[in-house]
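Engineer: For reference, the chains in residue letters:
Protein chains: 4
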Amino acid sequence: MDELIKEINQFRDERDWRQFHNAKDLALSVSLEASELLENFQWKTSEEAIADDLENIKDEIADVMIYSLMLADDLGLSVEEIIRNKIKKNGKKYTIEESKGKYGKEGN
Amino acid sequence: MDELIKEINQFRDERDWRQFHNAKDLALSVSLEASELLENFQWKTSEEAIADDLENIKDEIADVMIYSLMLADDLGLSVEEIIRNKIKKNGKKYTIEESKGKYGKEGN
Amino acid sequence: MDELIKEINQFRDERDWRQFHNAKDLALSVSLEASELLENFQWKTSEEAIADDLENIKDEIADVMIYSLMLADDLGLSVEEIIRNKIKKNGKKYTIEESKGKYGKEGN
Amino acid sequence: MDELIKEINQFRDERDWRQFHNAKDLALSVSLEASELLENFQWKTSEEAIADDLENIKDEIADVMIYSLMLADDLGLSVEEIIRNKIKKNGKKYTIEESKGKYGKEGN
Chain A
1 MDELIKEINQ
11 FRDERDWRQF
21 HNAKDLALSV
31 SLEASELLEN
41 FQWKTSEEAI
51 ADDLENIKDE
61 IADVMIYSLM
71 LADDLGLSVE
81 EIIRNKIKKN
91 GKKYTIEESK
101 GKYGKEGN
Chain B
1 MDELIKEINQ
11 FRDERDWRQF
21 HNAKDLALSV
31 SLEASELLEN
41 FQWKTSEEAI
51 ADDLENIKDE
61 IADVMIYSLM
71 LADDLGLSVE
81 EIIRNKIKKN
91 GKKYTIEESK
101 GKYGKEGN
Chain C
1 MDELIKEINQ
11 FRDERDWRQF
21 HNAKDLALSV
31 SLEASELLEN
41 FQWKTSEEAI
51 ADDLENIKDE
61 IADVMIYSLM
71 LADDLGLSVE
81 EIIRNKIKKN
91 GKKYTIEESK
101 GKYGKEGN
Chain D
1 MDELIKEINQ
11 FRDERDWRQF
21 HNAKDLALSV
31 SLEASELLEN
41 FQWKTSEEAI
51 ADDLENIKDE
61 IADVMIYSLM
71 LADDLGLSVE
81 EIIRNKIKKN
91 GKKYTIEESK
101 GKYGKEGN
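Protein chains in written order, with the numbering used here: chain A, 1 to 108; chain B, 1 to 108; chain C, 1 to 108; chain D, 1 to 108.
Simulated from the structure, these hints should not be mistaken for laboratory data.
Do not take every clue at face value.
Same chains, same label: a pair holds when it works inside one copy or across any pair of copies.
Below, simulated DSS-like cross-link-like pairs (lysine-lysine); rule was C-alpha separation at most 30 Å, straight line [what the hints assert, rightly or not]:
hint, residue 1, residue 2
1, LYS100, LYS86
2, LYS44, LYS93
3, LYS89, LYS6
4, LYS102, LYS92
5, LYS6, LYS86
6, LYS86, LYS102
7, LYS100, LYS6
8, LYS92, LYS44
9, LYS102, LYS6
10, LYS6, LYS44
11, LYS6, LYS93
It should be emphasised that the depicted structure is a prediction, and the values quoted were computed from it without experimental measurement.
With the hints as constraints, model all of the structure from the sequences given.
Structural biologist: Take a look at the structure:
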């Protein structure tokens with residue numbers, strides 16, 4: 001992961017792009033890329049979307065992750081740490097006993 | 001990264017949740033979580049949003065990444081590979097020569 | 001429509017809220033409300049979502065439209081005019097002859 | 001408004017497109033169009049975005065409204081009624097006394 005973040009930052013710095021990056025527009029960009037990912041599934045089933053353009057799905061998942069990693073890095077966050085913390089929180093919110101095989105809408 | 005994906009899958013499997021996960025709803029969920037991240041910045045500057053609730057920003061970045069990692073894993077994709085491929089593509093689209101210090105809207 | 005916009009503006013002005021409204025955050029808010037609408041359909045079929053919470057679906061469609069109307073009004077746009085213009089554009093892009101019974105992904 | 005909805009439905013019916021429209025994909029489409037609207041503001045101030053491409057902003061607001069109107073119509077809803085109801089709810093949630101000149105993040 002650290003290696004990936006280094007490569008992403010190298011890409012930004014070689015182009016002097018960090019000056020344009022602020023947290024609000026990076027969060028906005030994560031949302032825009034997530035929509036471009038979702039667009040692959042518009043009017044389609046999962047199977048149809050995957051059959052139609054898995055290459056674009058790959059690229060859009062990558063874009064969502066790249067912007068998320070840049071935002072986390074600019075905020076001085078360790079992605080692994082915030083993911084582990086969130087999994088822990090989710091584990092308390094959705095205990096195995098209460099959640100096994102059950103799926104509500106709230107956040108899961 | 002592989003370790004994180006293992007922990008995320010363990011979380012799903014302990015709860016028998018994979019049966020509910022399909023690519024379309026996972027992509028939809030990435031988009032919903034990206035909006036919850038963006039909501040932190042609604043009517044605010046980057047600085048105000050970070051000062052107001054960095055904890056929630058952390059959690060929402062984590063949720064975006066967790067859903068993206070689940071989707072990638074369900075599609076049999078290596079996240080590191082698709083990110084590296086996308087960085088390569090971006091490098092060809094935005095050459096250092098042409099892009100240094102310049103920032104257009106198209107996709108960057 | 002004009003009557004609705006009047007009522008929405010009256011709501012804003014009674015609370016002195018227009019000072020907080022700028023086009024970027026209004027567009028951001030349209031997107032956030034659209035996600036809250038979409039959240040009703042997460043992990044669900046259309047039928048399940050409608051059965052589960054039609055009331056919330058109504059409220060979120062309304063919120064999307066309210067923010068869209070505020071943005072259009074702040075930009076001095078006639079909503080009816082921009083909708084009619086867009087329908088005309090779409091009619092040229094998707095002629096009846098070529099589009100009848102056929103549905104692509106591009107924008108329709 | 002009724003006139004607009006008639007024209008939108010005529011557009012759909014001339015192309016036999018209603019068969020493809022379901023509430024989940026229409027809600028998804030509202031969200032995608034809202035993102036295309038928001039994309040106009042990526043890395044920009046409100047003023048820069050408006051100066052750069054007001055025409056596209058007009059078209060995207062129109063697309064958000066067209067999909068919202070189709071969804072509402074397919075659900076048998078009166079757009080004016082759901083908007084008026086939501087304004088009423090907001091008026092109770094944000095009383096003039098408590099809200100005048102104050103702006104929180106929760107939903108306003």
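Engineer: Hint by hint, say whether it matches the structure.
Structural biologist: Hints and how they fare:
In this assembly of identical chains, LYS100 and LYS86 lie within 30 Å of each other by CA distance solely inside one copy; the values are 19 Å within and 37 Å between copies. When the C-alpha separation of LYS44 and LYS93 is checked against a cutoff of 30 Å, the pair qualifies only between copies, where the shortest distance is 21 Å, while the shortest distance within a copy is 32 Å. Taking identical chains as interchangeable, the C-alpha atoms of LYS89 and LYS6 lie at most 30 Å apart whether they share a chain (28 Å) or sit on different chains (17 Å). For the identical chains of this complex, LYS102 and LYS92 are intra-copy neighbours only, at 15 Å inside a copy versus 36 Å across copies, given an alpha-carbon limit of 30 Å.
For the identical chains of this complex, LYS6 and LYS86 are neighbours both inside a copy (24 Å) and across copies (15 Å), given an alpha-carbon limit of 30 Å. Taking identical chains as interchangeable, the C-alpha atoms of LYS86 and LYS102 lie at most 30 Å apart only when both belong to the same chain, with a minimum of 20 Å there against 32 Å between chains. Only between protomers do LYS100 and LYS6 lie at most 30 Å apart by alpha-carbon distance; the minimum there is 18 Å, versus 39 Å within a single protomer. For the identical chains of this complex, LYS92 and LYS44 are inter-copy neighbours only, at 24 Å across copies versus 35 Å inside a copy, given an alpha-carbon limit of 30 Å.
Proximity of LYS102 to LYS6 under the C-alpha cut-off of 30 Å is restricted to the inter-copy arrangement: shortest distance 21 Å between copies versus 40 Å within a copy. Within a single copy, LYS6 and LYS44 get their C-alpha atoms only as close as 37 Å, which misses the 30 Å cut-off; across copies the closest is 26 Å, which meets it. Proximity of LYS6 and LYS93 under a CA criterion of 30 Å is satisfied inter-copy only: 20 Å between copies versus 34 Å inside one chain copy.
The structure shown violates none of the earlier numbered hints.
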